[in-house]
Amino acid sequence: MLAVCASATLALIAGCAQPQDDRPPEPETAEPSPTYESLEGTQWEGALDGNSLQLEFEEDGTVLVLSYNGLGPFDSETDVWQQEGETLTVTLTGLFVDGEEQVTLDVTVSGEVDSAALVLEGEYSSGAEAVMELTPLAVS
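In full-length UniProt numbering, the protein residues as written are 1 to 140.
Just so you know, these hints were derived from the structure itself, not from any lab. Errors might be hidden in some of the hints.
[What the hints assert, rightly or not] Ranges of calculated distance between the beta carbons of each label pair, as one might list FRET restraints:
{"hint": "1", "residue 1": "114", "residue 2": "22", "range": "41 to 51 Å"}
{"hint": "2", "residue 1": "41", "residue 2": "71", "range": "43 to 53 Å"}
{"hint": "3", "residue 1": "112", "residue 2": "52", "range": "51 to 61 Å"}
{"hint": "4", "residue 1": "22", "residue 2": "117", "range": "48 to 58 Å"}
{"hint": "5", "residue 1": "129", "residue 2": "23", "range": "15 to 25 Å"}
{"hint": "6", "residue 1": "76", "residue 2": "129", "range": "19 to 29 Å"}
{"hint": "7", "residue 1": "104", "residue 2": "40", "range": "24 to 34 Å"}
{"hint": "8", "residue 1": "23", "residue 2": "60", "range": "21 to 31 Å"}
{"hint": "9", "residue 1": "78", "residue 2": "23", "range": "18 to 28 Å"}
{"hint": "10", "residue 1": "119", "residue 2": "22", "range": "47 to 57 Å"}
{"hint": "11", "residue 1": "100", "residue 2": "59", "range": "31 to 41 Å"}
{"hint": "12", "residue 1": "22", "residue 2": "85", "range": "36 to 46 Å"}
{"hint": "13", "residue 1": "121", "residue 2": "23", "range": "15 to 25 Å"}
{"hint": "14", "residue 1": "123", "residue 2": "23", "range": "22 to 32 Å"}
Glycine included, each C-beta is placed from N, C-alpha and C at the ideal position.
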């Protein structure tokens, strides 16, 4: 009788036991941070407030102004660019002289990095609004 009760109790306990999963729980996966292609070494063309502009984002963080309204090229240490993730900031603060013509720029613009087009907004040192719109320069 004792053996029957022990067997019944053991069967009851075994039937209630849940199988154990010895595997550790899978870690929650965070959404991967987006990565943005560096603009380093790329050339762009477009306009800064209606004035034609071609430039290159150089590896050292400076901007080579290939052409500004047909003048140029201009290479100044004060013309700089910085890319932090999806945000690009460009500062042009040079006196561009070509022959007898000269143009003084003091403007900072920023916006979202996009490989198809850049639309950067900001202001001149005077406080006037500035818009720079660029597309990749077709290299032939």
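Taking the hints in turn, this is what the structure says about them:
no.: 1; hint: 114 <-> 22: 41 to 51 Å; in the structure: holds, 49 Å
no.: 2; hint: 41 <-> 71: 43 to 53 Å; in the structure: violated, 23 Å
no.: 3; hint: 112 <-> 52: 51 to 61 Å; in the structure: violated, 23 Å
no.: 4; hint: 22 <-> 117: 48 to 58 Å; in the structure: holds, 54 Å
no.: 5; hint: 129 <-> 23: 15 to 25 Å; in the structure: violated, 59 Å
no.: 6; hint: 76 <-> 129: 19 to 29 Å; in the structure: holds, 23 Å
no.: 7; hint: 104 <-> 40: 24 to 34 Å; in the structure: holds, 27 Å
no.: 8; hint: 23 <-> 60: 21 to 31 Å; in the structure: violated, 51 Å
no.: 9; hint: 78 <-> 23: 18 to 28 Å; in the structure: violated, 59 Å
no.: 10; hint: 119 <-> 22: 47 to 57 Å; in the structure: holds, 55 Å
no.: 11; hint: 100 <-> 59: 31 to 41 Å; in the structure: holds, 33 Å
no.: 12; hint: 22 <-> 85: 36 to 46 Å; in the structure: holds, 41 Å
no.: 13; hint: 121 <-> 23: 15 to 25 Å; in the structure: violated, 52 Å
no.: 14; hint: 123 <-> 23: 22 to 32 Å; in the structure: violated, 57 Å
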